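2 protein chains.
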Amino acid sequence: MDKDKRILDVCLTPALIENFDTDDTIMVIIDVVRASSTICTAFYYGADEIIPVADKEKALSYKQEGYLIAGERNGEKLEGFDMGNSPFEFMSPDLEAKKIAITTTNGTQNIEKVSKHLGKNSEIVIGAFVNHKVLLNYLRNAGKNILLVCSGWKGNVSIEDTIFAGKLIEDLNRFNQYNYSSDAANHARLIYNQAKEDIFGFIMDQSMRFRDKISLLGNDIRYCLKEDATNAIPVLVEGKFINKQEAAGN
Amino acid sequence: MDKDKRILDVCLTPALIENFDTDDTIMVIIDVVRASSTICTAFYYGADEIIPVADKEKALSYKQEGYLIAGERNGEKLEGFDMGNSPFEFMSPDLEAKKIAITTTNGTQNIEKVSKHLGKNSEIVIGAFVNHKVLLNYLRNAGKNILLVCSGWKGNVSIEDTIFAGKLIEDLNRFNQYNYSSDAANHARLIYNQAKEDIFGFIMDQSMRFRDKISLLGNDIRYCLKEDATNAIPVLVEGKFINKQEAAGN
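Chains as they are written, first to last, in the numbering used here: chain E, 1 to 250; chain A, 1001 to 1250.
Hints are supplied without guarantee of correctness; some may be wrong.
To be verified - Derived pair list, reagent style DSBU-like, types lysine-lysine, alpha-carbon separation capped at 30 angstroms: (1) E/K113 <-> A/K1144; (2) E/K116 <-> A/K1077; (3) A/K1213 <-> E/K3; (4) A/K1144 <-> A/K1003.
To be verified - Label-pair ranges, simulated between beta-carbon atoms: (5) A/K1213 <-> E/S115: 51 to 61 angstroms; (6) E/F175 <-> A/N1074: 51 to 61 angstroms; (7) E/M91 <-> A/E1076: 40 to 50 angstroms; (8) A/L1216 <-> E/F175: 26 to 36 angstroms; (9) E/M204 <-> A/G1119: 24 to 34 angstroms; (10) E/D23 <-> A/G1119: 53 to 63 angstroms.
Worth flagging that the hints you see were computed from the coordinates, not collected in a lab. Since this is a predicted model, take the numbers as computed values, not measurements. Don't be surprised by glycine CBs; every beta carbon is placed ideally from N, CA and C.
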């Protein structure tokens, strides 16, 4: 192992986060379908800040403070919320300069869990196919260790998050700045390499979770796999995501 | 999903065991390199019972009770123990009718963790390449759900255990008696299918853990990947493994 290189590793589900040293590390939270993709999309359409909230009631309370509120459980939009968790609901000029509070079945609860394990001199950023290119630049310029944290599904692994983690490993590996040697990193890389020719088809073939919800989620999944549909870099600052890409004027 | 079929799933590391319902389930503990392979080998050479012990001092205390004691930490045999964790140390007529207490870096501690999560009407059995064929028969005849529990490495996943879990899924799938639909099960199956032509070469190529220890562990790893080198079915009964295959006179 080359000691001068940064460490690149994968946490296949937040339930395994305690295994990792997260000092001097950018933790990339990956919830491809759909929280990561939706948050990037909201920033791309001009949102000012996004607060991830694990609890439904707490998310509702932000309504009184002038926030748009987005809520989803088990794929369905929650009663009384402005939006669910479909990225298409966030593609609107109405989002310009708005503050949003969002709660989802899996993604926002994982953000809370992972943020409790944030190390010194570290940062949490959102990663998805839809911000892939700007994310790669951001990660390279940061010059820190990188931990790709897959949100997984109900405490376990998920195929789509593992695939995207594997893609980031392959892409970052080209720059020769990182060591990845863990078995988890290799799991992700190996699965990505089998999926990469047709990721939508692969996911549908492998995952009963998605086959069962194709009519509800099919268009969302297709969008969530679209590379570089946004240029957002959502970074968690004091419990809120802000868009660092936007701040830099890019 | 066919409701008449049994559930077949994979726990990629014991750290994820809480995710699973383990009632009416055979839990197969997989620690290919080396605890699972070594335990099968000890029974094949006639051992009468094997007590897995997480703690080193407790393992030593069994010496006074007439047990052979086997102890390993980080690949090395422990001072004062009769054997380490190399399966070759267990290939001896001296094992005939002996009781053995064993403690290893990773495997025996995981057995303790997993056995605390044993459900109703359930059982823990040891699985490895070296008992693959008899294990398949045993699992099919049991008519229960199957949870393949990979021991992994230091709380995270390990490539060799994932590969063997994937192999069992492919083999069990031929009998059309099981549903496997989890993303974890697919992770294992996908990685096995990339590795199956040359598992030793694949592991060496993928895992720095093993490349670094090839001089110490190379022969052990080759043996641990040898299918059907034994006919042992180690089953945990009241904290001790006994050999069910032997008891059945097969």
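- [ ] Just pull the numbers of the violated hints for me, sorted ascending.
- [x] Hints 1, 2, 5, 6, 7 and 10 contradicted; others consistent.
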